[in-house]
Amino acid sequence: MDFFPVWLSLRVSLAATALTLLAGVPLAWFLARKAPRLKDLLGAVVVAPLVLPPTVLGYYLLVLIGARSPIGRFFESVGVELAFTWRAAVLAAAVGSMPLLVKALQAGFEGIDPRLEQAARTLGHSEWSVFWRVSLPLAWRSLVAGTVLAFCRALGDFGITLMVAGSIPGRTQTLPLAIYDLVQANRMNEANLLAAMTIVAVLVLLLGVGRAARVRY
Amino acid sequence: MLSVRLRKAFPDFTLDVAWESREPVVALVGPSGSGKTLTLQCLAGLATPDDGRVVVGERTLFDAKAGVDVPSRRRRLGYVFQGYALFPHLTARENIAFGLRGQSRAHIAERVERITEWLGLDGLGDKRPRELSGGQQQRVALGRALAVDPDLLLLDEPLSALDAPLRRQLRGDLARIVREWGKPTVIVTHDLPEAYQLCDRIVVYDHGRVVQSAPRAELLWQPASETVARIMGIPNVLRGTVVKATPDRIQLRWRGQLLEAVNSPARAYLPAADMPLAFFIRPEYVRLIRKDRGPADPVHHMNVMRGTVVEDADFGTTWTLRIRLDEPGPPAQGAFDLEVEVPHLVYEILEIDRDRHWEFSIHRGSIHVLP
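Chains as they are written, first to last, in the working numbering: chain A, 426 to 642; chain B, 163 to 533.
If you are wondering where the hints come from, they were derived from the structure by calculation, not from laboratory data.
Among these hints, one or two may not hold up.
Stated by the list, open to error - Some chain B residues near chain A, calculated using beta-carbon distances under 8 Å:
1. 206
2. 208
3. 232
4. 234
5. 241
6. 247
7. 260
8. 263
9. 310
10. 520
11. 523
All C-beta atoms in this analysis are idealised placements derived from N, C-alpha and C, irrespective of residue type, glycine included.
Please work from the sequences and hints to get the whole structure.
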């Protein structure tokens, strides 16, 4: 039995979650605090990956990072290939995860009493310091919940990954893709094992979220 | 010491105020929605006025003409928010230390220690805000604001989140703390006794404007207008017509009575006969005439009237009586004409609960004619 897809999926999901956090935290903060006019439009763009067909997302992502796009060319020129590598799988998973993190965290930021941030300002703190010492700690629960949801979504991505990374065994074949191939090949016992592992991993993580969400001040 | 001029327009509200104070402690009093909190936010730099100027001592914090707008974090102020806005994720000690930065740990710890001791918060430093009572939260908020040794202290309804008995006690504590601290302080409140006890100067707001700014005693005895008297919740603000006016006396007709009052020293002209005029009578200055001592002596009693107590309420140390005059026609204040306050002891001795019909008098000096 080949466990490569398990390790690949873990790595890809972790990397995708990190990428989601890096882009999603500032985006959520921006949506919650700074963009009253752009909010509806940007909000719709952010949520779109939840409802668009994965093939559509995958197609455009492929166009964006393919060898003929400026982005693809740039990465190629520095010796990094994107399309049909594990890096593309990371990008695919991140695209799918982004809305879950951003929406959860945006709600968390919006739930903060604005006077707490004002109080910090009057006490001599810069915007940067207010963010790290007041806004983020108070949105902590939403951040944890959003991160875990994002990770679980990344772990389970099928369609976008298939479009941009393919399903190359030993290179880009993640857990969900491997299960699909196993079922197609009628290797049910192995498919069963991998599927069960996925369920257990996700349930453990979601229970963890429940825990984290119970932290009270 | 403190000079404030602000203009800020919204679609449905415009703040346009100017006031100054040489006294350290100022109260902003007025109905809700009159622009008091917005003024504090402008002073704190949390809202930006369209026009105006804010000067604290020697420092200009805001000047639209000169393009000065010191950001909140550099204004060196302490802001106690309504409801306190304590950081729920930090302990009382961490809350108080929040504004102390760029100093050594030992120095911060010592400063926080001094503040907690001063405010009577010993032993509560490790508790989080939700574990503290309302009064303790209020003092932590005060400590957080004072720890940074600000140039200006802003308090937004500092006592409104507390229940009545605690409120009265903490009012005294707050008055002491603010006096000991001794730097410019602006307190927003809609409670006149609170403003009177805590502050030296009272600025009365109404619909985004200042209707009067005066030292507290002057404001209490000489409200600038009927509006001010009503905003301040002065009871028995009444309207009569002038019968005759001289520089030091005014005769008024009100509810069929001829009342004699002292003319307002602030009045620049003598009102003509038959002119309508507003005045107020302090409930605690109305004197009930004892029935067991013969007829009322005209030397001691003037402006004598008769009426029936139609309603009364026990306020613990005093009783408030609502009296309707023995006069036909609609009463001046809904179901009654005059509110009268008597000490508990007087209420018991005179057996007012049983005996409802009384004769009473008001000294001419206790009828305050409004300008």
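Subject >> Interface hint status, residue 260 of chain B versus chain A (Cβ within 8 Å) >> reply: Holds, about 5 Å.
**OP:** Please verify that hint: residue 234 of chain B, Cβ, nearest Cβ of chain A, below 8 Å or not.
**Re:** holds, 4 Å
Original post:
Taking the least C-beta to C-beta distance, is residue 206 of chain B closer than 8 Å to chain A?
Top reply: OK, holds: residue 206 of chain B within 8 Å of chain A, min 5 Å.
Original post:
Regarding the hint that residue 310 of chain B lies at the interface with chain A, is the smallest CB-CB distance below 8 Å?
Top reply: holds, 6 Å
Original post:
Taking 8 Å as the limit, does the beta-carbon of residue 523 of chain B come near enough to a beta-carbon in chain A?
Top reply: violated, 52 Å
Subject >> Interface hint status, residue 232 of chain B versus chain A (Cβ within 8 Å) >> reply: violated, 12 Å
Original post:
Close enough to count: is the Cβ of residue 247 of chain B nearer than 8 Å to one in chain A?
Top reply: Because about 4 Å separates residue 247 of chain B from the closest Cβ in chain A, which is inside the 8 Å limit, the hint holds.
Original post:
Given residue 208 of chain B was flagged as interface, is its beta-carbon under 8 Å from a beta-carbon of chain A?
Top reply: It holds, given that the least Cβ distance between residue 208 of chain B and chain A is near 5 Å, below 8 Å.
Subject >> Hinted contact residue 241 of chain B with chain A - closest CB pair below 8 Å >> reply: Since the shortest Cβ distance to chain A is 4 Å, the answer is holds.
Original post:
Taking the least C-beta to C-beta distance, is residue 520 of chain B closer than 8 Å to chain A?
Top reply: The hint is violated - residue 520 of chain B has no Cβ within 8 Å of chain A, the shortest such distance being about 51 Å.
**OP:** Could you check if residue 263 of chain B really has its C-beta closer than 8 Å to a C-beta on chain A?
**Re:** holds, 6 Å
In terms of the numbered hints stated before, the structure departs from hints 3, 10 and 11, listed from lowest to highest.
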